[in-house]
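There are 2 protein chains.
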Amino acid sequence: MKDKIEIGLMGLGVVGVGVENALREKAADFAKQVGAPLVVKRILVRDPSKKRACQPHLLTTNPQHILDDPGIDIVVEVIGGESPAYDYIKEAVSRGKHVVTANKEVIAKHGFELLSLAAEHNVALLYEASAGGGIPLISPLRHDLLANKISAIHAIINGTTNYILTKMALEDIDFTAALREAQELGYAEADPASDVEGIDAAYKLAILAALAFHTQVLLEDVYYEGISRLAARDFRYAKELGYTVKLLAIAKREDNTFQVRVHPTFIPEDLLLAKVNGVFNAVQIDGDLTGRILFYGQGAGALPTSSAILADVIRLAQNMSQGSSPMPRVQMDQTMIAKPISEIETRYYLRMTVADRPGVLAQITRVLGELLISISSVIQKEVDERAQSAEIVIMTHPARERAMQQAVSEMNKLEAVREISNLVRVED
Amino acid sequence: MKDKIEIGLMGLGVVGVGVENALREKAADFAKQVGAPLVVKRILVRDPSKKRACQPHLLTTNPQHILDDPGIDIVVEVIGGESPAYDYIKEAVSRGKHVVTANKEVIAKHGFELLSLAAEHNVALLYEASAGGGIPLISPLRHDLLANKISAIHAIINGTTNYILTKMALEDIDFTAALREAQELGYAEADPASDVEGIDAAYKLAILAALAFHTQVLLEDVYYEGISRLAARDFRYAKELGYTVKLLAIAKREDNTFQVRVHPTFIPEDLLLAKVNGVFNAVQIDGDLTGRILFYGQGAGALPTSSAILADVIRLAQNMSQGSSPMPRVQMDQTMIAKPISEIETRYYLRMTVADRPGVLAQITRVLGELLISISSVIQKEVDERAQSAEIVIMTHPARERAMQQAVSEMNKLEAVREISNLVRVED
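Chains G and C are the protein sequences, given in the same order. Residue numbering for the first sequence follows my numbering, beginning at 1 and increasing consecutively. Residue numbering for the second sequence follows my numbering, beginning at 1 and increasing consecutively.
Next comes chain G alone, as it looks inside the complex (with noise of 0.2 Å):
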């Protein structure tokens, strides 16, 4: 039984400022549910001489100033990224305090290494703000859904290119023209790669989906693939067949095996999550039990990703003032295997360019008909008269990943294709 919980706050970027801002103008609100009150004790900052709304005695630029203090219980971590975050979130579990941190990049790459040190250590690492900012989903999927066996993931999580996505399906613009947009708008960053390729989803998905299966899941399981193939046209395409084009990060479960991947996908339009649109972010679960559910909200922000750190950090403060053991953690069965994404069955839709002259489809389809890919819908029109081609979609059904990309491969030989435009994945 604690009087006062005392925090060690790593970093005070746009996120830690917005915890350290909540833990002063709540503090009654908080210490009233707590029981406690919440007190930051230090500040780890890489500039000290920025002006900055705290007390300035607080900030330090030596971690050991927080490691070292044995009065400080909970470490919370914000300041992103591998290194160093990695290793003082390590010396403070080991250490025996409890860490709260943001960072997506240290739970995908380490999690379960530090997950399993502190159970040695007796203190917990929580990390919700890591994956889906203000959304509550790793609490969830640890303590609200775990009577149920999840078969699938299917989530947006990442706001920058769901606005691309956005941007490109309702304007009818193309890839550059809505990733510059969103740029100018502050929601993507000058060097774009961590959000447009997939990585940020990759790092999110890999943290979900090792909750949602009780298992752990390397980041090199996750298979990544970015959004700057998407032309203006795939979207027309998508909504001719009654699709929309989402970046999702997918993870499902099949015996003893799973699958992990991010990648554009066409999705049915009448789904819920293909109406979420803009920077927000949407994760649909399926459950045994519950069904199917779903949790929408703003994935990131200093404010979303305050509120997800702060949940946390009352949590550990209302267990500790009074007197009890840690929180219950996730058993995690390490039995699962991961699938690889050559081995994944699942519907395409392909887009391609060819020679407008008789016979072309019939060679086209003729080398899907002998890798046993069989086709749902074709479509083909906008035939350039000058360059003399012709475009053609063709939607398969559910065929092997394998077997769609030797098709591919086999297709770009024939000489009357002139190029192959884009390969998307298709849920139904």
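A couple of the hints might just be wrong.
One copy or two, it doesn't matter: identical chains are merged, so the pair holds either way.
To be verified - Using 16 Å as the maximum straight-line C-alpha spacing, the simulated EDC-like pairs for lysine to aspartate or glutamate come out as follows:
no., residue 1, residue 2
1, Lys26, Asp288
2, Lys32, Asp333
3, Lys26, Asp333
4, Lys149, Asp29
5, Lys239, Glu91
6, Lys149, Glu25
7, Lys381, Glu91
8, Lys109, Asp288
9, Lys339, Glu171
10, Lys381, Asp356
11, Lys339, Glu254
12, Lys50, Glu240
13, Lys90, Glu120
The set of hints was computed from the structure by calculation and includes no laboratory data. In this text the structure is predicted, and so the values were computed from the model without any measurement.
For this one, chain G is given, so just place chain C on it according to the hints.
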């Protein structure tokens, strides 16, 4: 540190069977997550001769066989209804047993008293299944959103009425036809009053608002109004005006007051909430940190409800098997004042039939003008030449409910007004 957790199950209807099945079929999983097996020790039933899947020697018709048994750690109440469930919960809690219940009526009417009693006896009373079925709602409000000041909840929390309203919207049919269809499919009961009149939603709203605002919400504070006055033409006008009609449960906080109300509502058709169709539920929450979030899923049914009950059971059992003190409780203020419906301010949709002659619209708008109700748009069409009548639809700007009700009453006195067909509140 207990070597097994013993459960007394009260009630073996659809939900009880779901819970009992899952506890048997998933016993190994649950034991792993809890650290000790969960054992159903006794089951209270009305008719012990009925054929059932569970072991017959567990059945009893005597509640004292559960309440008097010092070995039983957790009582799961799934009888439903106010009496005798209320008495059983009260006795269980008073005798130091943790209680998990799905009983919205008991929690809405007696939750505050029972939670205080549980606190006195150092046990937990958990009720995740009482609102939103398989959608995690209570736990996110208790834990994950605790750092937020929640300003509003807008919820579709009754599947029966949402099914009926979806049918009316999509098939352009009237209430009675849609209700009949819902009854044929088992989505509405033979006596549909509790659902259709908004009582079920009122219970759930009282529960959610109390947790969101950290205050006692009396059931008497909840204004409710059903959907039976809605006609197919209201849906047509709604669509024309860019709205969808939903039975919304609305809770709003302003300074030291709050309002809680359930009624048919026009909501903008581009809102995610407007796209929640059929028997599905969704709860939209506005928090100061997290911004707008939304939880979506199945609000009823044996499996979704048992998912919520089992989450509560596992949570308690984890705490017990690890020798922890009871779960943190949300501290209630008790200082907020409920605002009566007459004091709310909102926009209105008003549909009426009037005599088709000059000067009638002037009379009507004069009534509104004198009560300082400002009009945002008027539609007049659908003239019935035989009856010499016309239909007028008025959308207002925000107005005080008291003024609007007075306006309706004065319009009713106008000789030219044949009928005030409907008055529906609007949320933007």
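Structure-based check of each hint:
no. : hint              : result
1   : Lys26 <-> Asp288  : between (39 Å within a copy, 11 Å between copies)
2   : Lys32 <-> Asp333  : between (38 Å within a copy, 10 Å between copies)
3   : Lys26 <-> Asp333  : between (40 Å within a copy, 15 Å between copies)
4   : Lys149 <-> Asp29  : between (37 Å within a copy, 10 Å between copies)
5   : Lys239 <-> Glu91  : neither (52 Å within a copy, 59 Å between copies)
6   : Lys149 <-> Glu25  : between (41 Å within a copy, 12 Å between copies)
7   : Lys381 <-> Glu91  : neither (62 Å within a copy, 74 Å between copies)
8   : Lys109 <-> Asp288 : neither (29 Å within a copy, 32 Å between copies)
9   : Lys339 <-> Glu171 : neither (37 Å within a copy, 44 Å between copies)
10  : Lys381 <-> Asp356 : within (10 Å within a copy, 54 Å between copies)
11  : Lys339 <-> Glu254 : within (10 Å within a copy, 52 Å between copies)
12  : Lys50 <-> Glu240  : neither (54 Å within a copy, 55 Å between copies)
13  : Lys90 <-> Glu120  : within (12 Å within a copy, 40 Å between copies)
In summary, the numbered hints that this structure violates are 5, 7, 8, 9, 12.
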